[in-house]
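Participant: Those protein sequences? They're chains H and B, same order as listed. Just so you know, the first sequence maps onto residues 3 to 249 in this note's numbering. Just so you know, the second sequence maps onto residues 508 to 803 in this note's numbering.
Keep in mind that the hints were calculated from the coordinates and are not lab data. The reader is advised that the hints may include incorrect statements.
Cβ-to-Cβ under 8 Å is the rule here; a few derived chain H residues that face chain B [claimed, not checked]:
no.: 1; residue: 61
no.: 2; residue: 100
no.: 3; residue: 115
no.: 4; residue: 211
no.: 5; residue: 213
Straight-line C-alpha distance at most 25 Å; calculated SDA-like pairs for lysine to any residue [unchecked claim]:
no.: 6; chain 1: B; residue 1: 800; chain 2: H; residue 2: 144
no.: 7; chain 1: B; residue 1: 800; chain 2: H; residue 2: 63
no.: 8; chain 1: H; residue 1: 86; chain 2: B; residue 2: 723
no.: 9; chain 1: B; residue 1: 793; chain 2: H; residue 2: 198
no.: 10; chain 1: B; residue 1: 800; chain 2: H; residue 2: 141
no.: 11; chain 1: B; residue 1: 800; chain 2: H; residue 2: 26
no.: 12; chain 1: B; residue 1: 800; chain 2: H; residue 2: 79
no.: 13; chain 1: H; residue 1: 144; chain 2: B; residue 2: 710
no.: 14; chain 1: B; residue 1: 800; chain 2: H; residue 2: 122
no.: 15; chain 1: H; residue 1: 86; chain 2: B; residue 2: 802
no.: 16; chain 1: H; residue 1: 122; chain 2: B; residue 2: 801
no.: 17; chain 1: H; residue 1: 68; chain 2: B; residue 2: 801
no.: 18; chain 1: B; residue 1: 793; chain 2: H; residue 2: 88
no.: 19; chain 1: B; residue 1: 800; chain 2: H; residue 2: 61
no.: 20; chain 1: B; residue 1: 800; chain 2: H; residue 2: 81
no.: 21; chain 1: B; residue 1: 793; chain 2: H; residue 2: 81
no.: 22; chain 1: H; residue 1: 68; chain 2: B; residue 2: 723
no.: 23; chain 1: H; residue 1: 122; chain 2: B; residue 2: 710
Here the structure is a predicted model, which is why all the values come from computation and not from measurement. Virtual Cβ for every residue (Gly too), placed ideally from N, Cα, C.
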Amino acid sequence: MTEKSKLNAPVAEFNGVSFRYDNGPEILKDIQFTLAPGSFHFMTGESGAGKTSLLSLLYLYHLPTKGRVRLFGYAVDELSRRAKAGLRRQIGVVFQDFRLLDHLNAFDNVALPLRIAGVKESEIRRHVSELLTWVGLENQMKSYPPELSGGEQQRVAIARAVINRPTLLLADEPTGNVDDAMAKRLLHLFLELNKLGTTVVIATHNEGLIKHFGFPRLHLEKGHLNVVPQNQYKDMASKLFNRGGAK
Amino acid sequence: MKKDSIFFATDSTRLFLPWMSMLMTFIAVLILATGITSYQAITNWKQVVSGALTVQIPTYTESGESRGQAVNQDVETALTILRSSIGVVGATVISDAQMTELMAPWLGGDVAVSELPLPKLIDVTLDSANHPNLAQIKTDLAEQVPSAILDSHRMRLEPLIKLSDAGIKLIIFILILLAVTASFTVVYATRTSLSAHEHVISLIHMMGANDWFLTQKYAVRHFSLTIMGGFFGFLLALPIMAGISFLIRGATIDFIWNPALGIGGWLTLLLVPVILSILAFLTTIKTVLGYLKRFL
Chain H
3 MTEKSKLNAP VAEFNGVSFR YDNGPEILKD IQFTLAPGSF HFMTGESGAG KTSLLSLLYL
63 YHLPTKGRVR LFGYAVDELS RRAKAGLRRQ IGVVFQDFRL LDHLNAFDNV ALPLRIAGVK
123 ESEIRRHVSE LLTWVGLENQ MKSYPPELSG GEQQRVAIAR AVINRPTLLL ADEPTGNVDD
183 AMAKRLLHLF LELNKLGTTV VIATHNEGLI KHFGFPRLHL EKGHLNVVPQ NQYKDMASKL
243 FNRGGAK
Chain B
508 MKKDSIFFAT DSTRLFLPWM SMLMTFIAVL ILATGITSYQ AITNWKQVVS GALTVQIPTY
568 TESGESRGQA VNQDVETALT ILRSSIGVVG ATVISDAQMT ELMAPWLGGD VAVSELPLPK
628 LIDVTLDSAN HPNLAQIKTD LAEQVPSAIL DSHRMRLEPL IKLSDAGIKL IIFILILLAV
688 TASFTVVYAT RTSLSAHEHV ISLIHMMGAN DWFLTQKYAV RHFSLTIMGG FFGFLLALPI
748 MAGISFLIRG ATIDFIWNPA LGIGGWLTLL LVPVILSILA FLTTIKTVLG YLKRFL
């Protein structure tokens with residue numbers, strides 16, 4: 003495959019993908035979907051449905067036990083370690099548990115992906131300061147994660163995931179610890195990135211956000227994936243909300 | 508942010524590796540200094556004793572009677588034995604004129620040495636590379652020329668030389684053992700640190716750090732910690748070496764034993780912490796790369 007065709011290739015392509023941890027039960031079963039470049043998806047499903055596992059396949063932490071995953075046109079099981087590292091640098095991840103490094107302050111946590119990518123310190127200072135200001139943490143740049151509230155930690159984690167303008171942004175419950183206003187503000191940040199070409203997948207339980215933004219859903223149920231297109235979801239959501247009554 | 512603080516905010520290797528390196532260097536420097544000094548001494552001994560030996564044929568009996576013609580016969584027999592022995596390049600009788608010259612400082616130049624009870628001397632030139640068998644020469648002379656006396660430092664020093672050679676081999680073995688122990692210690696320290704920082708490494712790996720990014724941080728850090736401890740170990744060994752040199756200087760044979768290490772010796776000792784640090788650097792690289800294979 004030439005570089006040009008790689009550029010036009012789907013960001014992610016899952017073909018008959020199943021996944022289990024060691025000898026445990028199958029968490030994901032025969033998953034089939036494609037993420038087009040520049041798309042925006044919500045990932046939904048009950049707790050334990052396999053959202054985090056599916057995300058871990060997308061950010062190359064695991065390989066599928068069956069089937070094939072292609073990222074940016076490359077079959078991940080055929081890639082060298084160096085090539086996988088290169089792909090990972092194009093993926094930003096917001097973890098459910100944030101995974102901030104407690105011995106680094108907010109600034110250095112956010113700067114980490116840039117340092118790994120070998121960006122100049124002067125550029126790092128400029129970009130990180132701008133982004134932390136944007137997420138409302140201009141006064142907490144020198145604070146360490148244990149000194150920050152849950153919401154502030156989450157914003158640091160989000161800033162870290164988007165600092166190097168990833169091609170694919172994956173977020174596991176990125177708005178779980180912030181109020182609705184901040185949740186919408188953060189979602190707008192994701193939207194801005196999406197407008198610049200970043201493909202976004204957000205795992206969330208926040209029905210309000212899903213309804214508000216109305217993007218298509220990757221819905222997981224007992225390990226099976228159902229892709230719900232935007233319009234169909236809007237219909238489904240409106241029926242659900244009508245049935246529940248306006249409270 | 509310090510370059511290595513991504514991993515090492517709280518890391519036991521920060522104290523452990525310098526201490527290990529200091530101790531290993533201290534021991535290695537002392538052992539190596541002993542080895543270098545012993546090697547120099549053996550080389551000196553070999554140079555002193557390898558070139559020549561002297562055979563004496565007495566001209567008078569123990570009771571003071573002249574041995575007459577028997578002396579010449581003994582000299583001829585001794586020359587035949589010596590010239591036919593392996594490793595002997597030449598054997599010549601020291602003439603009366605040469606004897607007079609040799610004795611001149613004590614007896615003056617006009618003494619007739621033939622009238623003095625001095626033994627006949629045979630100067631024997633040896634070829635060390637051809638392994639002269641001094642024990643065999645001594646046996647042959649004792650059988651055929653019982654009066655002959657073989658005068659060789661080599662015969663007295665040979666057991667000592669063999670012992671010292673064995674000592675040097677032992678020192679090399681101990682140094683290798685120290686290097687292996689140091690490597691295992693570095694492997695242990697690295698693995699401990701990697702396990703303690705698994706969450707950090709996993710995160711950085713997921714962010715797209717390649718293996719070398721992670722490995723070089725560990726390798727450079729372990730190199731600097733080891734070289735720092737190593738030079739302290741080197742400095743610590745200096746007063747001990749000075750003390751040993753002082754003791755040796757008072758108790759050794761002056762023309763053979765030279766406790767001074769020389770520039771080459773000191774440079775070799777200075778290389779100990781450097782070599783140890785390079786060893787730690789390479790061991791760390793191998794250990795970290797092996798560890799990272801567990802990540803996809």
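Participant: If a hint holds in the structure, say so; if it does not, say that too.
Facilitator: The hints, checked one at a time:
With 8 Å as the threshold, the beta carbon of residue 61 of chain H comes within range of chain B, its nearest partner Cβ sitting at about 6 Å, so the hint holds. At its closest, the beta carbon of residue 100 of chain H sits 10 Å from a beta carbon of chain B; the interface hint therefore is violated under the 8 Å criterion. Because the smallest distance between the Cβ of residue 115 of chain H and any Cβ of chain B comes to about 5 Å, under 8 Å, the interface hint for this residue holds. At a threshold of 8 Å, the smallest CB-CB gap from residue 211 of chain H to chain B is about 25 Å, leaving the interface hint violated.
Because the smallest distance between the Cβ of residue 213 of chain H and any Cβ of chain B comes to about 31 Å, over 8 Å, the interface hint for this residue is violated. Taking the CA atoms of residue 800 of chain B and residue 144 of chain H, the gap is near 34 Å; set against the 25 Å cutoff, the hint is violated. Taking the CA atoms of residue 800 of chain B and residue 63 of chain H, the gap is near 13 Å; set against the 25 Å cutoff, the hint holds. Between residue 86 of chain H and residue 723 of chain B, the direct Cα distance comes to roughly 19 Å. Compliance with the 25 Å bound is thereby established for this hinted pair.
As the CA atoms of residue 793 of chain B and residue 198 of chain H are separated by approximately 42 Å, the hinted pair breaks the 25 Å bound. For the given pair, residue 800 of chain B sits about 40 Å from residue 141 of chain H by alpha-carbon distance, which is inconsistent with the 25 Å threshold. Using a Cα cut-off of 25 Å, the hinted pair residue 800 of chain B and residue 26 of chain H holds, with the two alpha carbons roughly 23 Å apart. A threshold of 25 Å between alpha carbons decides the hint, and for residue 800 of chain B with residue 79 of chain H the separation of about 15 Å falls inside it, so the pair holds.
Only pairs whose Cα atoms come within 25 Å are accepted, and residue 144 of chain H paired with residue 710 of chain B is accepted, the gap being roughly 21 Å. For the given pair, residue 800 of chain B sits about 29 Å from residue 122 of chain H by alpha-carbon distance, which is inconsistent with the 25 Å threshold. This hinted pair checks out: residue 86 of chain H and residue 802 of chain B have alpha carbons roughly 11 Å apart, not beyond 25 Å. This hinted pair does not check out: residue 122 of chain H and residue 801 of chain B have alpha carbons roughly 31 Å apart, beyond 25 Å.
Restraint check for residue 68 of chain H and residue 801 of chain B: satisfied, since their Cα atoms lie roughly 20 Å apart, inside the 25 Å limit. Between residue 793 of chain B and residue 88 of chain H the CA atoms are separated by roughly 22 Å; this keeps the pair inside 25 Å, and the hint holds. Distance check on the hinted pair: residue 800 of chain B and residue 61 of chain H sit about 17 Å apart at the alpha-carbon level, within 25 Å; holds. The hinted pair formed by residue 800 of chain B and residue 81 of chain H meets the criterion: a straight-line CA distance of about 14 Å does not exceed 25 Å.
A C-alpha spacing of about 22 Å is found between residue 793 of chain B and residue 81 of chain H, which places the hinted pair at or below 25 Å, so the restraint holds. A C-alpha spacing of about 35 Å is found between residue 68 of chain H and residue 723 of chain B, which places the hinted pair above 25 Å, so the restraint is violated. For the given pair, residue 122 of chain H sits about 21 Å from residue 710 of chain B by alpha-carbon distance, which is consistent with the 25 Å threshold.
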